[in-house]
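Undergrad: The whole structure should be built from the sequences, with the hints applied where relevant.
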Amino acid sequence: MRKWLNWVALVVVFSIACGFLANWQFARREMRLASIELVEENYSQPPTSLAQVLGSQGFAVPEASWRSVSLRGEYLSDLALLVRNRPNNGQPGFEQVIPFQTHDGRVVLISRGWLPTGSRQDSPDFVPKAPSGDLEIVGRLIASEPKFDRGAPTGQIASINVDLANQLTKLNAIPNGYLRLVSESSKVPTGVKPMPTPSIDEGNNLSYALQWMLFAVMAVLALIWRIRRDRQLASGTKSTPVKKSRAKLDEELEDSVTRAK
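Here the numbering used here is used: the first residue of the sequence shown is 1, the next is one more, and so on.
Some hints here could point you the wrong way.
Straight line, CA to CA, 25 Å or less: simulated SDA-like cross-link-like pairs of lysine to any residue [what the hints assert, rightly or not]: (1) K147 <-> N85; (2) K129 <-> P196; (3) K129 <-> P153; (4) K193 <-> S119.
If you are wondering where the hints come from, they were derived from the structure by calculation, not from laboratory data.
TA: This is how it looks when you write it as structure tokens:
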């Protein structure tokens, strides 16, 4: 009896753990679905003004994330930055980020696009310059990224963290977000590869959650089957098959052949 109490306790603990893991996957799926819904709602909206995506503390993220915003002003190209470790379709590279100053003096970080890693691995072989002079640009709002505690060469940063970029450039760019370039009024090619569109793939969270639930059910069923089997053996209602010796099997085979003749 004590043995089965231990097994029951183990299965209960295992099932509870599976339940927590399943709920965690369900919660992650809900977050992913909310993110997809936000992309689908905002991505197709026409460009709006900067004022429409600002909150009390900077950019209004995440509610305005992926909204396209129209700006007019000029790039501050002397303060351009390269963001390290930005793979694109499996290829290592960098993301070019340049501050953009609007006509009213506000500064917004602009991610112009992606550049492949160069032959020296620590920078692109070619970094295009942003067009100079007065421009109209359109970009999509993205939340500021976390700050990573790792160093980077001069002119490079580990993530598009607005606070860190402000420290490096001595500017006061609008916090909480940046714009990913969609278009520029300049006829000169950007020289960078556009960043990929946001994924709306739901992912595997639902299947993972169902798997954890299945594991819990299988553990309970296995325990029930084993308990019933042991009880049947103990009560004699189910006999244990007796393993016959090789000699006995040979003898029975000979008898059957003799009878057949």
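Undergrad: Against this structure, judge whether each hint is valid.
TA: Going through the hints against the structure:
1. K147 <-> N85: Holds - the C-alpha atoms of N85 and K147 are around 14 Å apart, at most 25 Å.
2. K129 <-> P196: Holds, at roughly 21 Å.
3. K129 <-> P153: Roughly 19 Å between the alpha carbons, so the hint for K129 and P153 holds.
4. K193 <-> S119: With a Cα-Cα distance of about 18 Å, the restraint between K193 and S119 holds, given a limit of 25 Å.
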